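Q: Fit chain B to the known structure of chain A by using the hints.
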Amino acid sequence: MEAASGNFVDFRDVWLAYNDELAAREEFAVEDITLSTRDGEFIAIVGPSGCGKSTFMKLATGLKRPTRGRVSIAGQPVTGPLKIVGMAFQAPTLLPWRTTLDNVLLPLEIVEPYRSSFKARRQEYAARARKLLATVGLQGYEDKFPWQLSGGMQQRASICRALIHEPRMLLLDEPFGALDAFTREELWNVLRDLWTAQRFNVILVTHDLREAVYLADTVYVMSKRPGRILAQKQIPLPRPRDLEITYTEPFTALVHELRERIGSIRKA
Amino acid sequence: MASRTAERFAPLILLAGILLLWEIVCRALSVSEFVLPTPSSIAVALVEFAGPIVTNAWRTFWTTMIGFGLSIVVGVVLGFVIGSSKFAYSAMYPLLTAFNSVPKAALVPILVVWFGIGAGPAILTAFLISFFPIMVNIATGLATLEPELEDVLRVLGAKRLDVLLKVGLPRSMPYFFASLKVAITLAFVGTTVSEMTAANEGIGYLLISAGSSMQMGLAFAGLVVVGAMAMVMYELFSVVETRTTAWAHRGSNAH
Chain A
24 MEAASGNFVD
34 FRDVWLAYND
44 ELAAREEFAV
54 EDITLSTRDG
64 EFIAIVGPSG
74 CGKSTFMKLA
84 TGLKRPTRGR
94 VSIAGQPVTG
104 PLKIVGMAFQ
114 APTLLPWRTT
124 LDNVLLPLEI
134 VEPYRSSFKA
144 RRQEYAARAR
154 KLLATVGLQG
164 YEDKFPWQLS
174 GGMQQRASIC
184 RALIHEPRML
194 LLDEPFGALD
204 AFTREELWNV
214 LRDLWTAQRF
224 NVILVTHDLR
234 EAVYLADTVY
244 VMSKRPGRIL
254 AQKQIPLPRP
264 RDLEITYTEP
274 FTALVHELRE
284 RIGSIRKA
Chain B
2 MASRTAERFA
12 PLILLAGILL
22 LWEIVCRALS
32 VSEFVLPTPS
42 SIAVALVEFA
52 GPIVTNAWRT
62 FWTTMIGFGL
72 SIVVGVVLGF
82 VIGSSKFAYS
92 AMYPLLTAFN
102 SVPKAALVPI
112 LVVWFGIGAG
122 PAILTAFLIS
132 FFPIMVNIAT
142 GLATLEPELE
152 DVLRVLGAKR
162 LDVLLKVGLP
172 RSMPYFFASL
182 KVAITLAFVG
192 TTVSEMTAAN
202 EGIGYLLISA
212 GSSMQMGLAF
222 AGLVVVGAMA
232 MVMYELFSVV
242 ETRTTAWAHR
252 GSNAH
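As they're listed, the protein sequences go chains A and B.
First residue of the first sequence? That's 24 in the numbering used here, and the numbers climb one at a time after it.
First residue of the second sequence? That's 2 in the numbering used here, and the numbers climb one at a time after it.
Chain B on its own, in the form it takes in the complex:
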């Protein structure tokens, strides 16, 4: 029990240790606030600019969530298609891989031309950067069915769709939730990157304007906020994952 508690608090203790070391090093070497602000001055900035930070963070949050929602829908549908049909897989997979290796930040200027400055490019960048892992994981879950099980069901007259719905989809759920955890953090990256060049609101915009006015404390505060939001969402999906697909994680929690 003691080691369990220790394990739970370990990240917090580590974080506190890092912050302390950071503070000490900055003060001991008298590092300029314009190069690397101390944790304490970041905290001060967080409080001082709480109003604008919250407004911008909220903006980043909802644009990310819309983009992420889109990527769940598109990722699941595409994953279902390429995971259930060999033909669709060989037709689409190379193109999708090529598309995935295009840096999404490079698409932002194009999205601006199409949708103007604002939420549009941010939502789409979040979507474009995060649908790929969801798609790949759904497809993998579907494509790795045991052939024996498929035979058992096909003999009974099961249609391909029966097999996919009764076996394929439930089976790919653990893969799906694992991919959501990766995808949500990517979605925050997408939104923030897009806001840096193509928005007048949001944490990305806040980072750029704080940087250009040399308010390093505020810039770092923005980073802290976006990191915290991504982490909270990640943990949320972890909880959903273990709740809904406990059968796949039986090794890690005592039953």
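Next comes chain A alone, as it looks inside the complex:
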């Protein structure tokens, strides 16, 4: 078994067309993706808009099955939605009729084994959610409604919702794309700290190269549709990293190098 080699995410020659008709015409959303990550690795996928980054996410969560090739997560071939995954998107998608706390608790009302014990152990779960909210700086906002929070706070809550069931993998689809630059950098650190403490696997899809270099262990560059992985770049910057590092020469050089790869995609 290839999957037994200690890889967490393992894509082998994965192709995906959204339906049979497109497959027959050889029109794929992503092509020939081969990629693997170590357990606990933080990877970022960068590329131009519409390059199939979101398709990649759907494959990694089991929401879509590949047309060709195979996807394994944690040594298991993916055959359906994966419960060990938490997801957050550019839009926080919090439910406006629930308080921040109840929004964060939502996954526990759905995913087993929490679901069946939710009513009985609600106090305990609420305490856990409060603790998690406190670690991202949302102490005191548990009983506020989403529309009473700023965009950055909503996004923090959304990340908490993705992590409440202690998933082994966190998938983030341009999670900071709609935030202002200062809030974005603040949330980079929030994510960095959560990851440092819990060491879940992260796939961060973004088009912000500085974000990718600052946070990730490995950055993958994807081409325009059909999406292919054009380059893989290890980020050798020492951890823990803080924002100062983004003004240093090695950091800028890495960003610059990735930028050039994207530039060459555009020309091709």
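Check before you lean on any hint, since a few could be wrong.
[Said to hold, decoys possible] Residues from chain B that face chain A, not an exhaustive set, calculated with beta carbons under 7 Å: (1) Ile25; (2) Leu146; (3) Glu151; (4) Val153; (5) Gly158; (6) Pro171.
Calculated directly from the structure, the hints in this document are not laboratory data.
All figures in this text were calculated on a predicted structure; none of them were measured in a lab.
Backbone N, C-alpha and C fix where the C-beta goes; we use that ideal spot for every residue, glycine too.
A: Okay, now just chain B, sitting in the frame of chain A:
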């Protein structure tokens, strides 16, 4: 604060102004009572025939409420079905739209054949005319879920029903209450229209008999009563709406 009070009383002031103008025009041009009675003679008729008006209004009220209750049940169930399944939507929606464009007054004679003269046709007409907006609004609320949110929940192993109950239904509640306000006024229209040809009781019946005996004051009094009942129910649902779905109306009331 002053402008708030003014806003609250504005409809009453406008109503008073219209009534006053109506009275003045009728008197100045000496319009015949048989063509257009003055507001004051309508008021006199309201008092004079208070007994029969109340009996008939009560009849119209409860038939409307039964029909409206039916349309909530059927509207919510149908809306849930077509809003949660694309297949059911494409199968049923064109037929329902076609049915909705049939004038409901035209169904009354058929309902009379089936159920006889009385409350039956009135209840059913109220129901048939008012379930459609409820159904459409529930369906819209369910069908416009954010796909990202659906993904978040599906990854966790949520069944379609989980998504509908946890997210879809709460989300469609503001649409639901908005539709109730439209539907209740339609239900009163349905009952009244049906009573005009297929009942021996109710405001519709009162309108027809007052008209045929040239008691224009009474006819207008009947209109006033049915309008007032519909308005009160509308306001009632407005209050329920803002109470239960405040999260959707946060722009309009300061929090």
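Q: Classify the hint on B/Ile25 as holds or violated, based on whether any CB of chain A lies nearer than 7 Å to its CB.
A: violated, 50 Å
Q: Closer than 7 Å between Cβ atoms is the bar; does B/Leu146 clear it against chain A? Give me holds or violated.
A: violated, 10 Å
Q: Can you verify the interface hint for B/Val153: is its Cβ closer than 7 Å to any Cβ in chain A?
A: Given a least distance of 5 Å, the restraint on B/Val153 holds.
Q: Grab the minimum C-beta distance from B/Gly158 to chain A and call the hint holds if it beats 7 Å, violated otherwise.
A: Nearest chain A Cβ about 5 Å off; hint holds.
Q: Given B/Glu151 as an interface hint, is its Cβ closer than 7 Å to any Cβ of chain A?
A: violated, 9 Å
Q: Taking the closest Cβ pair, is B/Pro171 under 7 Å from chain A?
A: holds, 5 Å
The structure shown violates the earlier hints numbered 1, 2, 3.
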